[in-house]
Structure formats: structure tokens, C-alpha cells
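S.K.: Sequence:
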Amino acid sequence: DGREDNPVNLDPRMAKLAGGVHRLDGQLMVVLDIDRVLELVPKTDSRTAVAA
Numbered sequence: 012d013g014r015e016d017n018p019v020n021l022d023p024r025m026a027k028l029a030g031g032v033h034r035l036d037g038q039l040m041v042v043l044d045i046d047r048v049l050e051l052v053p054k055t056d057s058r059t060a061v062a063a
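Read left to right, the sequence shown gives residues 12 to 63 (the working numbering).
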């Protein structure tokens, strides 16, 4: 699929959220690990959640 492991010089803050990279023509596309990203989102208590 073309995905590679995170390069060693990837910013550590980004590496925590990255699930790998794809090398493009002169660029690097970081693939986010959505499970890691969602761990950063505070969970709301269903008793205090407000309906939109």
C-alpha cells in the first residue's frame, strides 16, 4: 500500500499521532492513527452532555 514506518526525524509530537507515512513527490504525507487522536479528546459524561 506504500505506507512506511515513521521516519526517525519526525517531530515526536507528530510521531505520537502518526500511524506511518507515504512518500510523495518531494513531500511526506503523515497518516494519522485515528485511535491515538481520539484518545486526546476528553470523553463527555452522558449525564452532562448537551444535545445540539
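Any given hint might turn out to be false.
To be verified - Label-pair distances were calculated between CB atoms; the ranges are:
| id | residue 1 | residue 2 | range |
| --- | --- | --- | --- |
| 1 | D46 | N20 | 30 to 38 Å |
| 2 | D16 | L51 | 31 to 39 Å |
| 3 | P53 | R24 | 14 to 22 Å |
| 4 | P53 | V19 | 25 to 33 Å |
| 5 | R34 | K54 | 33 to 41 Å |
| 6 | E15 | V48 | 18 to 26 Å |
| 7 | N20 | T55 | 33 to 41 Å |
In short, the hints are calculated from the structure, not lab data.
Since we're looking at a predicted model, the values are computed, not measured.
We put the beta carbon where it would ideally sit given N, CA and C, even for glycine.
S.K.: Assuming the hint says 14 to 22 Å, is it satisfied by the Cβ distance from P53 to R24 or not?
M.R.: holds (19 Å)
S.K.: Does the Cβ distance between N20 and T55 fall inside 33 to 41 Å?
M.R.: Holds, since N20 and T55 (Cβ atoms, about 37 Å apart) stay within the stated range.
S.K.: Is it true that the C-beta distance of E15 to V48 lies inside 18 to 26 Å, as the hint says?
M.R.: holds (20 Å)
S.K.: Verify the CB-CB distance for D46 and N20 against the hinted window 30 to 38 Å.
M.R.: Since the Cβ atoms of D46 and N20 sit about 24 Å apart, the hinted range of 30 to 38 Å is violated.
S.K.: Just tell me: holds or violated, for the beta carbon distance of P53 and V19 against 25 to 33 Å?
M.R.: holds (31 Å)
S.K.: Does the Cβ-Cβ separation between R34 and K54 fall within 33 to 41 Å?
M.R.: The hinted range 33 to 41 Å holds for R34 and K54, with Cβ atoms some 35 Å apart.
S.K.: Could you tell me whether the CB distance from D16 to L51 stays inside 31 to 39 Å?
M.R.: With a Cβ separation near 22 Å, D16 and L51 fall outside 31 to 39 Å, so the hint is violated.
In terms of the numbered hints stated before, the structure departs from hints 1 and 2, listed from lowest to highest.
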